[in-house]
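Quick mapping for you: the protein sequence lines, in order, are chains H and W.
Heads up: the first sequence runs through residues 1 to 121, numbered per the numbering used here.
Heads up: the second sequence runs through residues 1001 to 1536, numbered per the numbering used here.
Each hint should be verified, as a subset may be incorrect.
Claimed, not checked - Selected chain H positions facing chain W (Cβ under 10 Å, derived; list incomplete):
no., residue
1, 21
2, 22
3, 23
4, 92
5, 104
6, 105
7, 113
8, 114
9, 116
10, 117
11, 120
Treat the hints as calculated values from the structure; they're not laboratory data.
The structure displayed is predicted, hence computed values, not measured ones.
Don't be surprised by glycine CBs; every beta carbon is placed ideally from N, CA and C.
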Amino acid sequence: MDYPIKPTKPGLEESSEEILRIRITLTSKNVKNLEKVCAELIRGAKEKHLRIKGPVRIPTKVLRINTRKSPCGEGTNTWDQFELRIHKRVIDLFSSQQVVKQITSITIEPGVEVEVTIADT
Amino acid sequence: MGRKSKKFIDKKKAATFQLMSRDSADDPGFGDAPGGDRIFVRVDNNPCSVDTLEDDGGGGGGDDDVFADAPGDFDDGEDGAVSASASASGSGLPEHVRREILELGFPDDGYNYLGHLREIRNAGGGSAFYQNPKARLDLVPKDVKAYDASRIQVPKVEGNPHNESIYSVAANSVNVRVQKAVDPEVNALLDDSDLSRFGSDVEDLEEDFVVQANHPEGEDSIVGGNSQCPRMPAAMGSVINGLDTAAGRERQIDNGFPHEIRSRFVERNDKFDDEKPRERRPLDEQFDLLECQEYGSEDDDNDDGYGGYMAEEDESLALKLKQAFDDKVVDDLEIDDKYRVPADLLKDNDVKSKQLQDSAADLIRRCVEYADKYENENDDKEVVIVEESSDESEVWDCESIVSTYSNLDNHPGKIEAPMGARKKKLASTISVALGAANPLISLKGKEKLPVDYLPRGMKSSAEKVKGGSVSRNEQPRRKQHGQESKEEKKERKAAVKEERREARRMKKETKELYRCEAQQAQKVAATTGPSSIPLM
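Construct the entire structure; sequences and hints are all you get.
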């Protein structure tokens, strides 16, 4: 695990050619930005003619909190239902790592979290 | 549907990266390029090496997952370290950084002030900048620092067209003082470190100002010999001598009295040197007199061989001390470390010094006296002097003084509570009732009152009125209906009116009379009735 120390890369060209399996996971609280980023990624990958699968829409997780509306105990027992929706999209790619870097260097909307998993070969 | 034979990606054998924002401009990879503000940071611990997605300078090893929640921090730490080392070498900041620092108004002294500033942009990590379309930034007044640099002599710099001379000039002008172009009055006030005219005397209090204020001037002052009060050196000199000897004697006398208290007292007195002692006013003397009267006895009792020590700083105390010590010979008491009760000293025959024995005996005697006096004082009653009038003939007592009638004619009654009067009347009524021949109580009159039992005063009038009204009723016999003359009718009506008037008056009087009883009855009814409403 000697990541800080970059060896002089003789095989850089090789690694850039190697096709890697890459999974990009996009998570967000608001759907609009998420779909926008998704669309941009897919568009970028299609321009580079990469094999792409996705976007797979994982079921939305809804985090609910039920609280009494009243700050005291008096009154009719009314309850608030607060919820937080988490949307998740998964995109699978087959490409070299250079390409991935380029793809992901797009304007990222605020609130969208990007996670990239690269398979070990 | 079975499971897929092979997953697309096995997370345990893959490297996972998260896209995080580069937070600071120190990162050399940072730029306004489309991907320049983001960096991939590895967030897993898997033992696979993937040579991808890592930038030149950034993204460390397995530490990142610890900081996964705080995206910018790790970047900052590492990149900050990198840049700090770079900038540690003099003014080795990159040019654009220096330009930016100068633009913001910070001096160009090699320190990177931008590290303390944050760029406003839509970076990750919870900071979002929203453009306010309604912001009128031209209305915001500029933070202008006015400097008057017209007269500055800047040392010359050799003209080197390659270097940008502005920066070398700026570097040379670091040490030049520029006067701020502000109001000279404001400037004067700011520079004025004296501020004596704003201060007050009260602020210059020392810690023991109360003590010093109470300390008077004069020959009784206690000093330790200083030159600030040159007015009375002679008097003070004598006192100095006196006290010095006293102090000297003090050290030798250690007859069990707490030594440290005395030495503390002496120390405190030394502080009186600074202030001149307060003048004695007649009020002071009165106060002293009063004090002696009140507490003087205690002084006498404590004034045994051990010396009377009082906690208050008295101006005469020093004098007393001096005198006390003058009287006593420097004695050479042999005291062991352990304190011994005077009785023990007396009994102990092998005590060397006779003086010690005498003092012990004296002390015991005084203690006995004091105890006796204390005990006996409680038995004495207060002797109150009552003035007697001299003239025997004029004997006035409280009864006769009220009127000039003699007691033979004047029979003042005892003052009683009002209830007493009521009860008497009630008693009289009851006695009448008991003595009545007729066991029936007859209610008579319009108001149906027990006429016989009304109080005497009212009874006669009631009788009169009732009798009058009855007689009046009897006299004008009712004539046949329709055969009354007008005068008779008028008379009849007048009589009826009169009757009613009388009845009303009687009612009112009776009500007044029996009001007290009525209230009593109500009170009784209120208290003895059921006290609470049962809820069940």
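Going down the list of hints, with the structure as the test:
1. 21: holds, 6 Å
2. 22: For residue 22 of chain H, the interface hint holds, since the closest Cβ of chain W sits about 8 Å away, which is under 10 Å.
3. 23: holds, 5 Å
4. 92: Status holds, d = 5 Å.
5. 104: holds, 6 Å
6. 105: holds, 2 Å
7. 113: Hint holds; residue 113 of chain H Cβ to chain W Cβ min 7 Å, cut 10 Å.
8. 114: The hint holds - residue 114 of chain H has a Cβ within 10 Å of chain W, the shortest such distance being about 4 Å.
9. 116: holds, 5 Å
10. 117: At about 4 Å, which falls below the 10 Å cut-off, the nearest Cβ of chain W leaves the hint on residue 117 of chain H intact, so it holds.
11. 120: holds, 4 Å
This entry satisfies every hint, going by the numbered hints stated previously.
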